[in-house]
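Go ahead and model the full structure; you've got the sequences and the hints to work with.
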Amino acid sequence: EAGVAQSPRYKIIEKRQSVAFWCNPISGHATLYWYQQILGQGPKLLIQFQNNGVVDDSQLPKDRFSAERLKGVDSTLKIQPAKLEDSAVYLCASSVPGPYEQYFGPGTRLTVT
Amino acid sequence: GENVEQHPSTLSVQEGDSAVIKCTYSDSASNYFPWYKQELGKRPQLIIDIRSNVGEKKDQRIAVTLNKTAKHFSLHITETQPEDSAVYFCAATFQKLVFGTGTRLLVSP
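Residue numbers (our numbering), protein chains in the order written: chain A, 1 to 113; chain B, 1001 to 1109.
Note that these hints are calculated values from the structure, not bench results.
Note that CB positions come from ideal geometry on N, CA and C, so glycine has one too.
Fair warning: there could be bad hints in the mix.
Unchecked claim - Distance ranges between label pairs, derived from CB positions:
id, chain 1, residue 1, chain 2, residue 2, range
1, A, Tyr10, B, Gln1060, 14 to 22 Å
2, A, Val54, B, Asn1031, 33 to 41 Å
3, A, Leu84, B, Thr1069, 39 to 47 Å
4, B, Ser1012, A, Gly53, 43 to 51 Å
5, B, Thr1069, A, Thr113, 43 to 51 Å
6, B, Ser1009, A, Trp22, 29 to 37 Å
7, B, Gln1060, A, Gly53, 34 to 42 Å
What follows is the structure, given as structure tokens:
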């Protein structure tokens, strides 16, 4: 079974620029998550989708971050404009609905200079 | 909201020793407690999980215990090996998964 795919793997941008990340979950997984993992910390949930609807986005900085999951499959996360403190690894994960194992993608390492 | 505390932040053991990592959670409604292992530069991977209706679960050298009354759960690794060296994260969920701060485990040969 193919795992969660993410692209790009690495991205370097200057502050105030914009960036977008893409995620393709495991086939059949209705729930998709975006996490931010700052170096030395645990992943922090940014947004959770159930199919194409938002379940939780309470920790998403909505003034600069946006995410969508059109057609309930692939998802994109966008940052505009980026700040230095956005430097982190952005992890996408997917699961079947409910409290079950989340499968993580390889992540996108973002560096904002 | 849910808060998960994890201790210790670093743990060094000799090969063959046991390692124990402890976590506490704040939301008594939490019902699922996974443990993830993350090697340097790689994605988190589930190593074991436990649900609130179970007190203990074991998988070869790894075991997890849950004390719902005290709201804490622990990861036990026996007969540690160098390849166990990684960062381990506990997590707890009721409606969303909240991760602990991680424990860096170093197993020396």
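Violated constraints from the hint list, given by number and in increasing order
Numbers 1 and 2, in rising order.
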